[in-house]
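Colleague: One letter stands for each residue in the lines below.
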Amino acid sequence: MNTQVNHDAAPVPLLELRGISKSFPGVKALSNVALRLYPGEVHTLMGQNGAGKSTLIKVLTGVYTPDSGEIMLDGKPIAPASTSDAQALGISTVYQEVNLCPNLSVAENIFIGRYPRRFGAIDWRSMQQQARALLQQLQIDIDVTAQLSAYPLAIQQMVAISRALNISARVLILDEPTSSLDEAEVNLLFSVLRRLREQGMAILFVTHFLDQTYAISDRITVMRNGEREGEYPCSELSRLALVNKMIGVAADTQALADEPLHDGAAVFGANVVEAQGLGRKGALAPMDFHIRQGELLGLAGLLGSGRTELARLLFGADKADTGSIRIKGKAKNFAVPRDAIAADIGFCSEDRKHEGAILSLSVRENIILALQARTGLLRAIPFKRQQALADEYVKALGIKTASIETPIGSLSGGNQQKALLARWLVTNPTMLILDEPTRGIDVRAKQEIMSYVTKLCRKGMAILFISSELPEVLRCSDRIVVMRDRKACGEYARGELDDTTVLQVIAGDAHVAGEAA
Amino acid sequence: MSISTPAGAARPATTSDGSVLHTILTHPLGRPVGALVLLLLVAFFTIPGFFHLEVRDGHLYGSVIDIINRAAPLMLAALGMTLVIATRGIDISVGAVVALSGTVAAMLIGGTMVMDNGVPTYVSNMPMGWALAAALGAALLCGAWNGVLVAGLGLQPIVATLILMVAGRGLAQLLTDGQIVTVYYKPFFFIGSGYLFGLPFSLFLVAAVFFITALLMKKTALGLFIQAVGINPVAARLAGIRTATLIFFVYVFCAACAGLSGLMISSNIKSADANNAGLMLELDAILAVTLGGTSLAGGKFSLVGSMIGALIIQTLTYTIYSLGVPPEVNMVVKSVVVFLVCMSQSSEFKQLLQRRKA
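For the record, the sequence lines run as chains A and B.
The opening position of the first sequence corresponds to residue 1 in our numbering, with each subsequent residue numbered one higher.
The opening position of the second sequence corresponds to residue 1 in our numbering, with each subsequent residue numbered one higher.
Be aware that a few hints might be false.
Have a look at the derived ranges for each label pair, beta carbon to beta carbon [said to hold, decoys possible]:
no.: 1; chain 1: A; residue 1: Ile-112; chain 2: B; residue 2: Val-234; range: 53 to 63 Å
no.: 2; chain 1: A; residue 1: Ile-112; chain 2: B; residue 2: Val-329; range: 34 to 44 Å
no.: 3; chain 1: A; residue 1: Ala-88; chain 2: B; residue 2: Phe-51; range: 54 to 64 Å
no.: 4; chain 1: B; residue 1: Leu-174; chain 2: A; residue 2: Phe-24; range: 56 to 66 Å
no.: 5; chain 1: A; residue 1: Glu-405; chain 2: B; residue 2: Trp-130; range: 45 to 55 Å
no.: 6; chain 1: B; residue 1: Leu-162; chain 2: A; residue 2: Ala-34; range: 55 to 65 Å
no.: 7; chain 1: B; residue 1: Ser-322; chain 2: A; residue 2: Gly-120; range: 48 to 58 Å
no.: 8; chain 1: B; residue 1: Ala-167; chain 2: A; residue 2: Ala-396; range: 48 to 58 Å
no.: 9; chain 1: B; residue 1: Val-234; chain 2: A; residue 2: Lys-328; range: 25 to 35 Å
no.: 10; chain 1: B; residue 1: Leu-340; chain 2: A; residue 2: Thr-65; range: 18 to 28 Å
no.: 11; chain 1: A; residue 1: Ala-34; chain 2: B; residue 2: Val-234; range: 38 to 48 Å
no.: 12; chain 1: B; residue 1: Asn-276; chain 2: A; residue 2: Asp-391; range: 49 to 59 Å
no.: 13; chain 1: A; residue 1: Gly-19; chain 2: B; residue 2: Thr-245; range: 48 to 58 Å
What the simulated footprint calls covered on chain A by chain B, stretch by stretch (three residues with Cβ under 8 Å from a Cβ of chain B suffice, anywhere in the stretch; the number is not a length) [said to hold, decoys possible]:
no.: 14; segment: 347-359
no.: 15; segment: 373-387
In case anyone wonders, no lab produced these hints; they're calculated from the structure.
All C-beta atoms in this analysis are idealised placements derived from N, C-alpha and C, irrespective of residue type, glycine included.
Same shape as in the complex, but just chain A (with noise of 0.2 Å):
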């Protein structure tokens, strides 16, 4: 059901997508996709892993060329064959990982490819003093000369923001800018595309979060299976219907995702894992943690607060200045992950890309190498147990791949991640560690994850849960420890917290429900 909507400021839209269909080998990515984008609206495309979101924004700046179709801009036909062509044409885009070059300054890295110039030579007190000025804008006060890499990821990918607004852009793309952001961050980016909205941008918004689509949209696309489920005006779609038509079954979803997975009556066994004053300077603060067979424990906090480091070191990923590990009782010297790994410990990293998934390798390859790593080198697992393994966790999984033989690079972000799953449940082990395992992915697939997870869970295996999504914390953990500023700040069991008070512990605000632990 398509709603037409009249848009009485712009009668025309600034850019129009028409019949867009695009095919990839075994795969239809769109077929007969339309969108239109006034000036001065903030639209939200919406939509599960594997609708067809990024083939769009793909095809919209030149990353692809569609098979059928056409992209009008002021009613103009254009055909945008690189991203370089879509920016000159206006159409910016700010992807959901971040496209910059780390090593190079903040302010080179907004004005890259197109330095001020001053007699023919780059002007770089003019580039930083636009930098900061653009920066500005966004309320951030950094140092433009320092290195990007200096900053966090929520700080990049504002720099990566206000690097499209230079290119002084008509139509700005927002793929997925607020994974990686706090509450905070969020905000101030929400402000900043008002004020762009009111100088008459306009904006295509993607992202997973309904709170964060009906805070700022003023129409929203929805699509599914790679076909355009409708358009809608933002204030006419409720929640439910939202939802409804991304994952086009019947009602409950919504209220599925609320439900607590956990009844609440686990029971566990010894501590599997225990960590004494385990710590490292400017990571993590000396610490003791402990989890117990059969228990999930989440780590809630924010961004830099000592979540992930403290995963890394009970991995073996960093090395750690202090403290000890004791796994199942014995003591244990982590140098590297192998250890850890050789001690049954799994570790999916926050870092998809970088991290975890070997993007020209295939699923296969990729499910199978941590168990391979751990049988070692001289022991090749036979071509036909990786296939069997590599099948049954693409099964139990519901991993949406074409074959287990095609690359994990090709899959779409949630079926990636659950193929690094499979990676650690090959090697069954007895802790496993995710961190962010539902980040950047739509509703179902969480969900699928999740409801995994937890049932590994029953079945003896500790988790160590690290989600920035409040509610999934809550909702999940049997435990839950709240980091702050690199150590831990509180313990609580299950039921005792609710969204408010763990928001105030994270904050740091008041000294609620007791500083146990």
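Once you've looked at the hints, dock chain B against the given chain A.
Modeller: Then chain B, alone, in the frame of chain A:
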């Protein structure tokens, strides 16, 4: 883990027209093989009796045999280079290691004339087995040095191996005082110019190294791990792979191949020329790997492709010489052919062509 088919084996049939031509064009080995066939055709039409083979003294003779025999040292070097490049590295010390290993062997074997029952014969200074072992040992040390610099100290491969590229040849020259060391001991000549079952012995050496390497890749997880490290070293480490050990190993392997290649070359020219032996061999090896379809960005690799790449280079050289083209022109012609082959592998170039057609 694919050895002969770097990227394509697992690829589902891409388009509806499953013609043979299409399969050849899309198969990763299609282009290198095509280039080689094309070159051979050119040679066939321009050099009389190019494919003519005859048996002389129980040995097989002919241009093709000659090409393969001369390509043997390069093929060995290319084998080692393939694995290094697959880990995203590069080894530009191959030529220096060739010179060093050849020099060590030549100096230890040398050959002094003694009268045996009135017949002058040459004996080696040291048992040949020991001398060969020492030469290969020197090569392995070189590889270990590179490996420590790259894997242990984290130097950039091109800089790390640049050190040995300069030092290795320098050391060889020091050992020989800059002179050419001639070898008189006959058994040593067998490695580079001997015959076995009517075929050059060097062929068997290359085949043996190739099959052992291919088997290692197929029967162990080495191929998978090398690719994983080449594509994403951080993720590979987090998956439990000993990335440093693996990188160390490929540099040692590469140097071992270079050492063997050095023995072959010095045996073939019956001397060790520290100044010229293996000069620029590393560049030819890198070229052979690239021509074979392995990307310098690391990851997927093809051992067969690299072998074909080495044959392309040698066939080209042979054809140019046979056509009576002055040696000075050789370099230029070679670069043109290489340029064409690289263009045919460039996806950007293909897009450009398609756009022009459209």
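Colleague: Take the hints in turn and mark each one as holding or not.
Modeller: Structure-based check of each hint:
One distance hint, 53 to 63 Å for the beta-carbon pair Ile-112/A and Val-234/B, is violated here, with the actual separation near 24 Å. At about 43 Å, the CB distance of Ile-112/A to Val-329/B agrees with the hint of 34 to 44 Å. Our hint of 54 to 64 Å for Ala-88/A and Phe-51/B holds, since their Cβ atoms are close to 55 Å apart. Here the CB-CB span from Leu-174/B to Phe-24/A is close to 59 Å, well matched to the stated 56 to 66 Å.
The hinted window of 45 to 55 Å between Glu-405/A and Trp-130/B holds, with their beta carbons roughly 49 Å apart. Roughly 57 Å separates the CB atoms of Leu-162/B and Ala-34/A, a value that falls within the hinted 55 to 65 Å. Between Ser-322/B and Gly-120/A the C-beta distance comes to about 52 Å, which sits within the given range of 48 to 58 Å. About 55 Å separates the C-beta atoms of Ala-167/B and Ala-396/A, a value consistent with the hinted range of 48 to 58 Å.
The hinted range of 25 to 35 Å is satisfied by Val-234/B and Lys-328/A, whose Cβ atoms lie roughly 29 Å apart. For the hinted restraint 18 to 28 Å between Leu-340/B and Thr-65/A, the CB-CB distance of approximately 27 Å keeps it satisfied. Distance hint check: the CB atoms of Ala-34/A and Val-234/B are about 41 Å apart, consistent with the given range 38 to 48 Å. The given range of 49 to 59 Å is respected by Asn-276/B and Asp-391/A, whose C-beta atoms sit roughly 56 Å from each other.
Checked against the hint of 48 to 58 Å, the C-beta distance between Gly-19/A and Thr-245/B comes to roughly 55 Å, which is consistent with it. With 8 residues having a beta carbon nearer than 8 Å to a beta carbon of chain B, the segment 347-359 of chain A meets the requirement of three or more and the stated coverage holds. As drawn, the segment 373-387 of chain A meets chain B at 9 residues by the rule of a beta-carbon pair under 8 Å; at three or more, the given contact holds.
Hint 1 from the list above is the single one not met by this structure.
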